[in-house]
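J.: Now for the letters of each chain:
2 protein chains.
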Amino acid sequence: MNKNFRNIFLITTFLFVLSRLYAQSKATWIWYPGDYEIWLANKMQNRRTDRGTFLPVFWKMDSHYVLVEFHKDAYFANADTVSIFVEGLYNIKIDGQAQTGLPDKIIVPKGNHRISLKVYNQANTPSVFVKGKYIVSDTSWLVTFEDKEWIDASGKASDKSGTAYKNAGAWNFYSPQSPPSFFHLPTIPVNAVYTMSQKNKTLLDFGKETFGFVKFHGLAGKGNIHIYYGESKEESLNTDSCETLDQLYIDNKIKNDSTMPLSKAFRYVNIVYDNAVHFDSVSMLYEYSPVEQKGNFHCSDSLINRIWDVSAYTLHLNTREFFIDGIKRDRWIWSGDAAQSYLMNYYLYFDEPTVKRTLYALRGKDPVTSHINTIMDYTFYWFLSIENYYLYSGDASFIQQIYPSMKTLMDFCLLRRDKDGFMEGKPGDWIFIDWAENLNKQGAASFEQILFCKSLETMADCAGLMKDTNAQKEYASIAKNLKEKIFKFFWNDSLHAFVHNEISGKAIRNVNRYANMFALLLNYLNPQQQQDVKQHVLLNDNIQKITTPYMRFYELEALCNMSEQKYVLHQMKNYWGGMLSRGATSFWEEYNPSEKGAAQFAMYGRPYGKSLCHAWGASPIYLLGKYFLGIKPTMPGYKEYIIEPNLGGLDWIEGDVPTPDGNIHEYCSTKKISVYSNRGNGILRFKSLYTPSCKQGVVRKITEKVYELNVKENIHYEVEYKSID
Amino acid sequence: MNKNFRNIFLITTFLFVLSRLYAQSKATWIWYPGDYEIWLANKMQNRRTDRGTFLPVFWKMDSHYVLVEFHKDAYFANADTVSIFVEGLYNIKIDGQAQTGLPDKIIVPKGNHRISLKVYNQANTPSVFVKGKYIVSDTSWLVTFEDKEWIDASGKASDKSGTAYKNAGAWNFYSPQSPPSFFHLPTIPVNAVYTMSQKNKTLLDFGKETFGFVKFHGLAGKGNIHIYYGESKEESLNTDSCETLDQLYIDNKIKNDSTMPLSKAFRYVNIVYDNAVHFDSVSMLYEYSPVEQKGNFHCSDSLINRIWDVSAYTLHLNTREFFIDGIKRDRWIWSGDAAQSYLMNYYLYFDEPTVKRTLYALRGKDPVTSHINTIMDYTFYWFLSIENYYLYSGDASFIQQIYPSMKTLMDFCLLRRDKDGFMEGKPGDWIFIDWAENLNKQGAASFEQILFCKSLETMADCAGLMKDTNAQKEYASIAKNLKEKIFKFFWNDSLHAFVHNEISGKAIRNVNRYANMFALLLNYLNPQQQQDVKQHVLLNDNIQKITTPYMRFYELEALCNMSEQKYVLHQMKNYWGGMLSRGATSFWEEYNPSEKGAAQFAMYGRPYGKSLCHAWGASPIYLLGKYFLGIKPTMPGYKEYIIEPNLGGLDWIEGDVPTPDGNIHEYCSTKKISVYSNRGNGILRFKSLYTPSCKQGVVRKITEKVYELNVKENIHYEVEYKSID
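Sequence order for the protein chains is A and B. First residue of the first sequence: 20, per the numbering used here; consecutive thereafter. First residue of the second sequence: 20, per the numbering used here; consecutive thereafter.
Which copy is meant is left open, so a pair is good if it fits within one copy or across any two.
Pairs of lysine-lysine, DSBU-like flavour, derived with a Cα cap of 35 Å:
| no. | residue 1 | residue 2 |
| --- | --- | --- |
| 1 | K91 | K384 |
| 2 | K185 | K486 |
| 3 | K112 | K445 |
| 4 | K220 | K112 |
| 5 | K91 | K79 |
| 6 | K502 | K658 |
| 7 | K384 | K313 |
| 8 | K384 | K486 |
| 9 | K492 | K426 |
| 10 | K112 | K252 |
| 11 | K486 | K460 |
| 12 | K129 | K79 |
| 13 | K62 | K234 |
| 14 | K731 | K690 |
| 15 | K445 | K492 |
| 16 | K79 | K438 |
| 17 | K445 | K79 |
| 18 | K274 | K124 |
| 19 | K460 | K185 |
| 20 | K185 | K150 |
| 21 | K438 | K499 |
| 22 | K645 | K507 |
| 23 | K507 | K438 |
| 24 | K486 | K504 |
| 25 | K234 | K124 |
| 26 | K152 | K79 |
| 27 | K124 | K79 |
Bear in mind the hints are in silico, worked out from the structure with no lab data behind them.
The shape of chain A in the complex, shown without the other chains:
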């Protein structure tokens, strides 16, 4: 080895070791993986009220393991005093030797030692925080709930005693004084932009959709205060029908401030109070998740810019302890809704913890007794979301942690197949697909089978990653057979499309967009079938229109995959622009342009049932980032990726897309593309009318008018070209 090279090698090794030491030296609160997430989800989801009534979920809520053992083997270069913080009743052992009482410090002698804690906590998640010079609590610790499973195909570490261990779970609780159970989202005070007061009534307008705790200042007197929340002015004024309300009884001689105990979603707050009640003013504490916005997008079209901004705000409001559906009403974690939030998140925050928390919370614990959220499609979206999470993050350690739960959920599915291998709805199953009229839920829906097939492929991929070879083969084989049957039973050549469903083995001649757009999206179709679906389904106005942003997400994504960005842009401006023209300050759960006036707020048979701030309304973030900026990973964790701009008719677009290692910045006009990335191994692919030029790299011609350029890290590429779109 050349001496200089050797020195570089040694320095690099030293830095690497240093970074590992540093990484290990940050003590954090740890717990059984998934347990804090389940506990926190229970807490959050049980905050829903419906006109003052507690309204919990209608599926099984699980609980954390109440008794958990934590341990770590470490080398102590010298005797050291180690600090111990625990949430729960506990004991602590050094090399299996119990220390008396509940010590907050232990002295560990020099040498190799195993430190272990066993913690009981029924009300909160058993958690520990350990900090010494040679040992800190982090995700390298092993944990068990005394799981004695002896079959260990799942890659779990298992000792001779037959005990199965996992790596501990953690988040960002780095302070021993702030244990996990203390966590709450931060708030900031915000004033209304407009206040209208009359006798015994005050109406506040916060200028846009918002979320938080209403706060009274200088509250005194005696009597009742009724607080009616509205996402629209109409809702807040309709005291009989607004979806959420609060009531407060006071009897204060001295002026006090008073904050409502539960956060609510609103733009308008209508306060009606008794004569003897007085308050100086009312503001709110805006509650938010402190996720960092890393992605952004601008372009030459101000409506699209506004759509992107409102989308980003919509997603931010719905990004809380978890990715929730909507801030006014359910405030629950729905797997199908979350599946879209994850994808948008990869283009806005790239916040991995919120994705993982949401996936853990949705999955809950074994035994599986129903589909996730009771919805068959939502079980499948959960699998697909894991595939996507791995593609974007490259986080194999999460797959390792969740893989056993993936298997047991898939076991549940496999046991519910009919004789053709399809999954039909059983009593208690909800076949959702979409909010749409006349959607037949009988028999086997082609849409469900396609998602099921992709779920099986996901299982095969994850089994491969876990080196669970037999399972990998088995899943792949079931998926292959299922795909063949899907085409055999549902594809109709004369209709150029998949039919919607089959009942008792007989296909029904009924075409809609759902199965067809997913087959396109998941690349299940040959080129001819792709064109068939595009022409005979997606661009065919005789096929029932989609009225939720939820399914428009996939419809427009499928069209982007067919290079229909121009059409998609037009749709986006009409549909999301349509909501803006109705005064939307966040995007809605459903938008049907044909509904006007009061009807546009109604849903579920209730005049203000519709959520006006729904995560699935925010898909333009994803579509513009992935299919206009055109940035997406081609290997897990952006180890390789592609930048494939498509102006879709715009003069220029510009933006940032986050990756696990910093952003990719792009500008693209009809004449110039510039790219700067913190991460190498990218490929810029574009079409040009004439031979493009780039001083910073070599442009390759791939096919007629298609060019590529390798993108290395930290180089500012400027390409001169002529757009073909």
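Please arrange chain B on chain A, whose structure you already have, making use of the hints.
T.: Chain B in isolation, oriented as in the chain A frame:
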């Protein structure tokens, strides 16, 4: 129908309906069945300390369902105000219509209505108490944790939505002001019988083994107080090695009383304190379960009477929130230990709730990840205990509630069989059998297979009871095949016994008592084999002796089954009488007559490791009731039963045995048998040298010297006979 008969019929029907109404009219706190039991068991089992260190169980602890729905359909003859009490956050609905807020009263209109509550509680078991004129909370309410299981072979009620319901669980919480989470065992103050004080030291002797909270009176000053507990005087004085201790630091100017926070087991309390500490006196709060002692036993032998009394006291000390193993050390619920407590309980308290609570707590929740208490035999005892519970109580509704959990536990077992269908220990499994030297735990132990076989037969019986016909056939068939293989692999004609185990298909020539006595007990042997086992194993001093009362229980029971009461009485006087002669005031975990002095307190390598008050030490209660008084059910719930006295050499015996409907009283001397029962359908069977006489009934001759008499309720039978024993 004859008019008089019709009137009787109507009156009877009226009384029946009245009794049902009355039964329904007692409101009680209700919960998801098994959930409060699991919660309470967690609480109790996490009170164990080992010399001041928290010492929890080493198996999975489960949790209650945190979100539970309760409902009941009822007819309201008039509008009524119904009171609502809830442990947890809740909503309440009338006919699906939610009431605002958390009401403590609802007004229900006249007519048929469904009242439902949904309750969330992470820290405690979700529980409700509902009381109105036409509706009260009781076990007729249906509950669900939103279990959407669609397969419903288990007999669970299931509505069209696919939701599975169970009947609510309850106990004896009849006061709305005393919800389940408030429950604690009662206490009474008790003074030491002897107190010895010297400088800085006080030694208390409570005269016998006891359990409770040490209480200081008039405590003042400043400094430390060390409290060392001892089941023996030696233990309490050995401050370095006593198993339990407490420490108290005080800094009081004014005299106070102070009660230790955790209850402990002791006879002696050794208190060592700093100079500046003062107290007036020390007493204790004796903590006990208020179960009613219904059974009793007396006889002509005062040592046997003393053995019975100390047995009853031993069982009472170990009958707490649950049947526990021993009061000093584990204080946990062990299935094998509890299996014996249940049986003793049938002859002392006949307290069904403690049996059910213990069975629920032991079983925990799905998924099953290890054997109960991690011990294979303890899983099997759980099944056998259910068979016994049903035989004694006739409580089919409990079988209905627990049957789904029985199935999943048996599924776990069936998946762990080897190629011969035997269950061997897998990593993480504990093959316990007994505390005995040189017990080979390798391969398949015949003892385990015999218990496994009986467990399968129990499953078949319960499946039959649940009308789960396919499962019944399947379990019966597996049991039959297993039994054949047990004889084929383990029975050795030349040894006249079962060998202990086989390793890799090869039987080891090693005979001990365990498998053989169970085969006898469970009636698996033909008459020749019975005699073989009796002579070549049970009465053979060359076969390793049993040193625990635990296995002596079954050994002596097997001998009683072979009519060896005389021998058993002799053994009982030697073995239990031996403990008494060593000063025992309760019976021990282990007693080896050859150990003397300090050695008799040692176990597990610790000088005072042995428990001197262990539930399994109390078996004379059971043996004397079942095999000397000879009273036992022959149909579930004593619908039919037999009274088969056996004096075992005693001049006379007398006692009461409880049944679900009152006691059976019996007196038997060599010349007279008298019987009085609250319950009909009994048969008195006895041997007599000459033809017996009975004025109150007709004595039948069955075989040579064996006679029978039908026992009807509430008749005092007096039989003149001549004992043959």
